[in-house]
Amino acid sequence: MTGSLTTSTDSAFPSDHTFGDDVLVRVDNLVKYFPVKGSGLLARSVTNVQAVDGVSLTIKRGKTLGLVGETGCGKSTLARCIAGLIPITDGKVYFEGQDITNLSRQQMRPYRREIQMIFQDPYGALNPRRRVGSIIGEPFAIHKTASGNARKRAVQDLMERVGLNPEHYNRFPAEFSGGQRQRIGVARALALRPKLIICDEPVSALDVSIQAQVLNLLADLQDDFGLSYLFIAHDLEVVRHVSNSVTVMYLGRVAEAGPGDQVYDHPRHPYSAALLSAAPAADPDSAAQRQRIILTGDVPSPINPPSGCRFHPRCPKAQDLCAQAEPHLEPKAGDPSTHLTACHFPVEAGEDLARAGRREQR
Amino acid sequence: MSITELQYQASQVENAPAIAIQGRSQWQLTWRRLRSDKVAIASIVVIILMILFAILAPVIAHLTGHPVDQEYVNTGQTADGLPVGPGVHGFILGTDWVGRDLLVRIAYGARISLFVGLLTTAIATILGVTLGLIAGYFGGVIDGVLARFFDAALAFPYIVLALALASVFNPSLLIVIGVISFFSWAGISRIVRGQTLSLKEKEYIEAAKSLGAGPWRIMFIDILPNLLGPVLVLATLYIPTAVTFEATLSFLGIGIPEPAPSWGNILSEATGFYHVAWWYVVFPALALLITTLAFNLLGDGIRDAIDPRTERIFAGSKNRRNQRRNRRKGQGLSLDQAILVGQERDLTDGSPLPASEES
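Chains A and B, in that order, are what the protein sequence lines are. Everything in the first sequence is counted per the working numbering, starting at 1 for the first residue and increasing by one. Everything in the second sequence is counted per the working numbering, starting at 1 for the first residue and increasing by one.
Mixed in with the good hints, there may be bad ones.
Said to hold, decoys possible - With a straight-line cut-off of 35 Å between C-alpha atoms, the simulated DSBU-like cross-links for lysine-lysine are:
1. Lys202(B) to Lys63(A)
2. Lys92(A) to Lys37(A)
3. Lys92(A) to Lys332(A)
4. Lys63(A) to Lys144(A)
5. Lys152(A) to Lys63(A)
6. Lys152(A) to Lys38(B)
7. Lys317(A) to Lys63(A)
8. Lys37(A) to Lys63(A)
9. Lys332(A) to Lys202(B)
10. Lys200(B) to Lys92(A)
11. Lys92(A) to Lys38(B)
12. Lys63(A) to Lys38(B)
13. Lys38(B) to Lys37(A)
14. Lys152(A) to Lys92(A)
15. Lys317(A) to Lys92(A)
16. Lys63(A) to Lys332(A)
17. Lys317(A) to Lys332(A)
18. Lys38(B) to Lys144(A)
19. Lys202(B) to Lys144(A)
20. Lys202(B) to Lys152(A)
Quick caveat, the hints were computed from the structure, so don't treat them as lab data.
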């Protein structure tokens with residue numbers, strides 16, 4: 001698991017030697033701004049929503065990278081940029097060493113087979129007017145890899161593989177439960193045997209017992225097909241369960257990244273620490289001992305993000321420096337080289353942020 | 001059937017949201033609901049009879065022994081040269097101003113009226129849906145240009161254009177079809193564009209894109225099936241409009257030229273005789289009225305069947321009464337009804353808005 005994630009802030013010119021054989025996807029300093037049109041007659045698009053602002057990450061072959069953060073921090077936008085669904089403002093995306101940034105639809109076509117997505121809403125992601133067989137068979141139809149009976153057989157194999165009854169081939173999505181629909185989504189993503197599946201909050205809309213089933217299915221498929229996942233969620237326990245490494249995002253930037261155990265057990269960024277302290281614990285004893293770090297204020301607007309460290313207005317440890325200089329994403333003292341934190345004053349072991357936060361409020 | 005298979009099916013039943021014995025398509029469900037709508041079924045019967053009436057026009061001419069253009073100067077006209085009434089000399093619905101059999105002429109007129117009505121609706125629907133999809137899906141400049149074009153087509157004074165065309169060219173069937181088609185597609189385009197704008201933001205469209213589907217595939221395979229409901233309702237409601245449109249043009253003398261009969265030009269001729277020959281006005285007008293009414297009621301019925309949530313304005317109290325009755329019945333529903341109710345409930349997600357709410 002060590003070394004399963006490297007992240008850099010420098011957008012140095014990537015040469016081929018930076019791509020080891022084990023690197024599937026490398027995202028380099030990715031920026032995605034959405035222009036906001038002002039009102040009025042002569043208004044030009046003067047402002048931008050800085051949804052993703054300089055994110056770099058690496059997804060390794062056969063591994064899972066977890067991406068966590070609050071709603072609106074740019075997780076899903078990042079996913080859509082990597083999947084090539086929306087154009088990228090700046091930065092690069094490499095797939096197996098090939099630059100796939102902003103390719104045309106025709107150029108992107110071969111990579112579509114390698115990168116697939118599972119969507120959050122199992123109700124919205126399936127066309128209500130199409131039969132399940134035709135939904136799962138769509139990848140075959142688009143890429144003309146199988147037709148007629150061969151396609152039907154392939155679809156039924158897929159349905160069986162994800163735990164659906166192949167006899168339900170002719171049913172409509174409305175006739176399935178949420179968990180079953182998500183399995184349909186998984187089968188569709190799996191159809192072309194991709195190398196990477198981007199899971200955009202695949203279990204957030206499901207109830208807990210179904211979540212476990214779908215997560216186990218995803219894990220089985222990873223073992224069987226050697227899949228890599230980019231797993232986006234806001235449920236920290238789910239991410240910890242599935243991920244080899246974790247990246248924490250805040251307001252379009254990476255706050256902290258590293259191997260899962262490192263980030264979860266020794267969070268260095270105050271935001272990661274606050275996020276982790278807010279996650280409910282299943283064990284009532286540990287829940288009672290837990291000190292929640294209460295963050296004050298709201299997430300600032302991504303149209304006009306705070307200067308310096310974007311987290312500084314809400315950070316219990318913030319000092320003057322934080323508002324002036326942007327911290328680099330780098331290994332902090334005592335951390336392994338794979339554990340990167342973008343913070344001027346990282347959390348030390350045993351430090352009580354909750355108390356610091358309360359003092360701040362007073 | 002093996003035991004494991006039984007167990008598997010049992011587990012599926014537990015997980016299944018509705019009592020789903022087999023996959024029923026949207027259209028099968030719509031048809032089931034439509035079947036219980038007496039007004040809609042009566043409309044379908046009337047429409048089928050009217051189509052048979054049109055198809056069998058030569059048979060009617062043969063049975064009565066009165067060819068469509070044959071002028072019966074002796075038997076078909078009174079001594080003063082006026083039309084004879086229904087039943088006189090074997091003219092079931094009487095004769096027209098030159099002594100032709102009115103029944104035969106109305107039957108032949110039905111051919112023209114229904115042909116024009118159905119063909120122009122088909123042209124307008126295909127054109128309207130295609131342009132509406134393109135405008136809504138691509139957006140941007142394409143949408144801007146097309147949307148202004150829809151507005152222009154809707155704002156155009158159609159009678160004036162028809163008059164101008166008829167004065168430049170001779171009135172003909174082709175011009176009638178052209179004019180009616182041209183003035184019908186823009187309304188459909190607008191609705192389709194609006195629906196497309198909202199449908200293209202759905203996650204399943206994004207899913208199709210991530211699979212590598214091209215814009216045409218997304219428009220016609222992913223979006224269009226979700227639009228067919230409102231489009232079907234619109235098209236059904238456009239048929240009577242087109243029939244009336246044709247009658248209007250023919251009435252004004254810029255439609256189907258004499259001696260070919262159409263309901264419009266029969267009515268036009270009849271205006272000079274209505275005070276002496278009531279049948280001359282009443283029967284073709286009745287044919288027109290029955291046809292347009294049947295198509296309109298069928299359109300309403302289809303709308304209700306496609307989207308059970310909308311209530312018809314005049315039938316609102318009836319629907320509410322039915323709902324109350326169903327509630328009172330409680331478990332008294334038959335299995336068949338229970339299945340239908342369950343599936344109706346399930347259908348409520350993802351079904352597009354009815355056309356009426358959009359326009």
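Results for each hint:
no., hint, in the structure
1, Lys202(B) to Lys63(A), "holds (30 Å)"
2, Lys92(A) to Lys37(A), "holds (26 Å)"
3, Lys92(A) to Lys332(A), "holds (26 Å)"
4, Lys63(A) to Lys144(A), "holds (29 Å)"
5, Lys152(A) to Lys63(A), "holds (31 Å)"
6, Lys152(A) to Lys38(B), "violated (40 Å)"
7, Lys317(A) to Lys63(A), "holds (34 Å)"
8, Lys37(A) to Lys63(A), "violated (40 Å)"
9, Lys332(A) to Lys202(B), "violated (43 Å)"
10, Lys200(B) to Lys92(A), "holds (27 Å)"
11, Lys92(A) to Lys38(B), "violated (63 Å)"
12, Lys63(A) to Lys38(B), "violated (61 Å)"
13, Lys38(B) to Lys37(A), "violated (53 Å)"
14, Lys152(A) to Lys92(A), "violated (38 Å)"
15, Lys317(A) to Lys92(A), "holds (33 Å)"
16, Lys63(A) to Lys332(A), "holds (24 Å)"
17, Lys317(A) to Lys332(A), "holds (16 Å)"
18, Lys38(B) to Lys144(A), "violated (46 Å)"
19, Lys202(B) to Lys144(A), "holds (25 Å)"
20, Lys202(B) to Lys152(A), "holds (26 Å)"
In summary, the numbered hints that this structure violates are 6, 8, 9, 11, 12, 13, 14 and 18.
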